[in-house]
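Novice: Residue-level listing of the chains:
Number of protein chains: 2
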Amino acid sequence: MAKQISDLKLGILGGGQLGRMLIQEAINYNLTTLVLDPDHDAPCKHLANTFECGSITDFDTVYKFGKKVDVITIEIEKVNIEALEQLEKEGKQVYPQSRVIRLIQDKGVQKQFFKENDIPTAPFQLANSREEMITSNFPYPYMLKQRKDGYDGKGVMRINSVADLDHAFTSPCLMEELVDFEKEIAVIVARNANGDVKTFPLVEMEFNAEANLVEFLISPSTYPEPIQARAEAIAVQIAEALNITGLLAVEMFITKDGRILVNELAPRPHNSGHHTIEGNYVSQFEQHLRSIFNLPLGDTRTVTNAVMINLLGEKGHDGVARYQGLEKILAIDGVYVHLYGKKYTKPFRKMGHVTIIDQNREAAIEKANFIRNTLKVIS
Amino acid sequence: MAKQISDLKLGILGGGQLGRMLIQEAINYNLTTLVLDPDHDAPCKHLANTFECGSITDFDTVYKFGKKVDVITIEIEKVNIEALEQLEKEGKQVYPQSRVIRLIQDKGVQKQFFKENDIPTAPFQLANSREEMITSNFPYPYMLKQRKDGYDGKGVMRINSVADLDHAFTSPCLMEELVDFEKEIAVIVARNANGDVKTFPLVEMEFNAEANLVEFLISPSTYPEPIQARAEAIAVQIAEALNITGLLAVEMFITKDGRILVNELAPRPHNSGHHTIEGNYVSQFEQHLRSIFNLPLGDTRTVTNAVMINLLGEKGHDGVARYQGLEKILAIDGVYVHLYGKKYTKPFRKMGHVTIIDQNREAAIEKANFIRNTLKVIS
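In the order they appear, the protein sequences are chains A and B. Here our numbering runs 2 ahead of the position in the first sequence, where the first position is 1. Here our numbering runs 2 ahead of the position in the second sequence, where the first position is 1.
Be aware that a few hints might be false.
Copies of the same chain look alike in the list, so a pair counts if it fits in one copy or across any two.
In the BS3-like style, the derived pairs of lysine-lysine whose C-alpha atoms are separated by at most 25 Å in a straight line are [unchecked claim]:
#1 Lys47 / Lys70
#2 Lys47 / Lys345
#3 Lys5 / Lys348
#4 Lys69 / Lys147
#5 Lys352 / Lys5
#6 Lys345 / Lys69
#7 Lys11 / Lys47
Hints were generated in silico from the structure; no laboratory data involved. What you are looking at is a predicted structure, and each value in this text was computed from that prediction instead of being measured.
Kindly generate the complete structure, drawing on both the sequences and the hints.
Specialist: So, in structure tokens, the structure goes:
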């Protein structure tokens, strides 16, 4: 009899909150999970069958870790690609595939991929050095983004004039036209090895400008159906062009003149899909498992309105985390708290999230606002 | 600042599927969990922060285990009560309270409690020995139940005449009038230390006669509202009479003449509440945590129709478990698989459960029937 999901060992590179929520679902399938993370106190530590403290960017560590498992996945893109390539050559299943991670790791290559595949995206130009930025004729103002290792708003700055380049990144960058957007939106799409593809409904996001993190997510979107369909079609087009196996989060802008521009990709469960745990029939975490184990994809429809807020460490607090206001918010119906098991808080650290579901969209938003003002992570 | 849930250590006596699903929820609150179970390969083994292999009926083992935690709960009633009493004396929080477990451990005492509190239940008589059964004038036929340690249909037999007593139990028993029931029903009620009480809506069960286990559960019930209200009121009455802190499952019969009779109690998450994970706004597991940590109780309303089927080991199969038909059933929308992490299957062993949700009740039942015929646990 063929091996089935309950016989298999899943290796996860990265042991943060995404891995943690993935394991919460993996439990239902008797999956054996192994996690590699450099933080000896990572959120997955006590949940994985085996937790290994080690570098996810070191060839030997990743390679040896991968040899112990049947299927390898990631919860962060910054991993050692060469080790994953070698493991693939030796027949291990790596989902998303190493070539997809390699492409997405580099925002320059990602943008070129969009261009080559007629995916709508903001105009851009690459620059290998500060020299090249200064001598380029790319029009000011623009966004300067490091090609590698940027995340959660790190590695991004606005350049208004040549003077700003004095403090600019020196590593290879991408210069990108400013997008006059009305809203940031996202579609999560899943694709299994059989080639089945399913999208979650479009969601809308509001960012915390100071932290440059998603602060507020609303599902489903109230954009007119043709816009939703267009955004979902773009996500499918990208998943198929990439030939990805696994989950893909597609972050997009809707411009004030109604165009959709793709911002960036994440080939894994993503912050813009946390609401699916309670707000949709299948969660992004279960869908990721179904896609990487080539099982039929689940029903992505929304159950009802969901609003997700990230629970960020309060400014001015650095130390052992305490959750102020927890009891007050649990008194509200339809409130789901997810703490990430991080012992220490610091300003803007992602410490958890809260999802609010309500059949009345405005009521859900109102509750979310109350929670945002009530629940605080302090030290 | 007062201690809060994320600072506390929860000790769970028993490391089976109930503990496993409790931990899946406890993760969201950063709870530190310690589990004690005699099976070194128990379903909770890899999920608890600390798993201790040891007897839950031995005084010293339970006492020492309890000293390490802040709050102690159970997932099975057969635990050492004296150790829990001692821990309570020393200020540990034991929920449900030792006196509630003691009362429920003994079906004779449980029945007397019903009688004293005007809880409707089938007429009964106690017998300490086979002698007493033979000489009693309790009318045949009746059900003979061992007062202690019966579960999942074990420790129960039907006595048609004095001849049957030749093979009857010799331990203290309870003789109970046969109930001509139309349906077995259950209500789960939660009560926190503040005295807040909330019931989950009434559910209907169908039993596997051969295994004497719940095979099929339907939520919500379609009994007329007054019957549902009556069943829920009985559950609240019992929770308040017991002064319980924690979850209480109340199993009842509806007789063919429309009476409700209480069958038995379980002071913990229960098989008749598994559907709440997907079928209700709050699950019984989260509700148990909320009640034992004295947090506001969650919204127990049903999201939509849910049917739960227990996944029992197939007859004639004994050995390492395999799950036949998994891929087929995952192709159906609204199907949620929960495997319990048990390596070995044997006939009628509870290996997992599946919940089906559907806005159309008949469709949910039809899907459940298909799944019952398709998903098999074999070796």
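Novice: Work down the list of hints and note, for each, if the structure agrees.
Specialist: Hints versus structure:
1. When the C-alpha separation of Lys47 and Lys70 is checked against a cutoff of 25 Å, the pair qualifies both within a copy, at 18 Å, and between copies, at 20 Å.
2. For the identical chains of this complex, Lys47 and Lys345 are neighbours both inside a copy (12 Å) and across copies (23 Å), given an alpha-carbon limit of 25 Å.
3. Only between protomers do Lys5 and Lys348 lie at most 25 Å apart by alpha-carbon distance; the minimum there is 20 Å, versus 44 Å within a single protomer.
4. With identical chains, the CA atoms of Lys69 and Lys147 are never at most 25 Å apart, being 35 Å at best within one copy and 54 Å at best between copies.
5. Taking the shortest Cα distances, Lys352 and Lys5 sit within 25 Å of each other only across copies (22 Å), while inside one copy they are farther apart (37 Å).
6. In the homo-oligomer, the alpha carbons of Lys345 and Lys69 lie at most 25 Å apart only across protomers (23 Å), although the nearest pairing inside one protomer, at 31 Å, exceeds that limit.
7. For a Cα distance limit of 25 Å, the shortest separation of Lys11 from Lys47 qualifies both inside one copy, at 16 Å, and across copies, at 16 Å.
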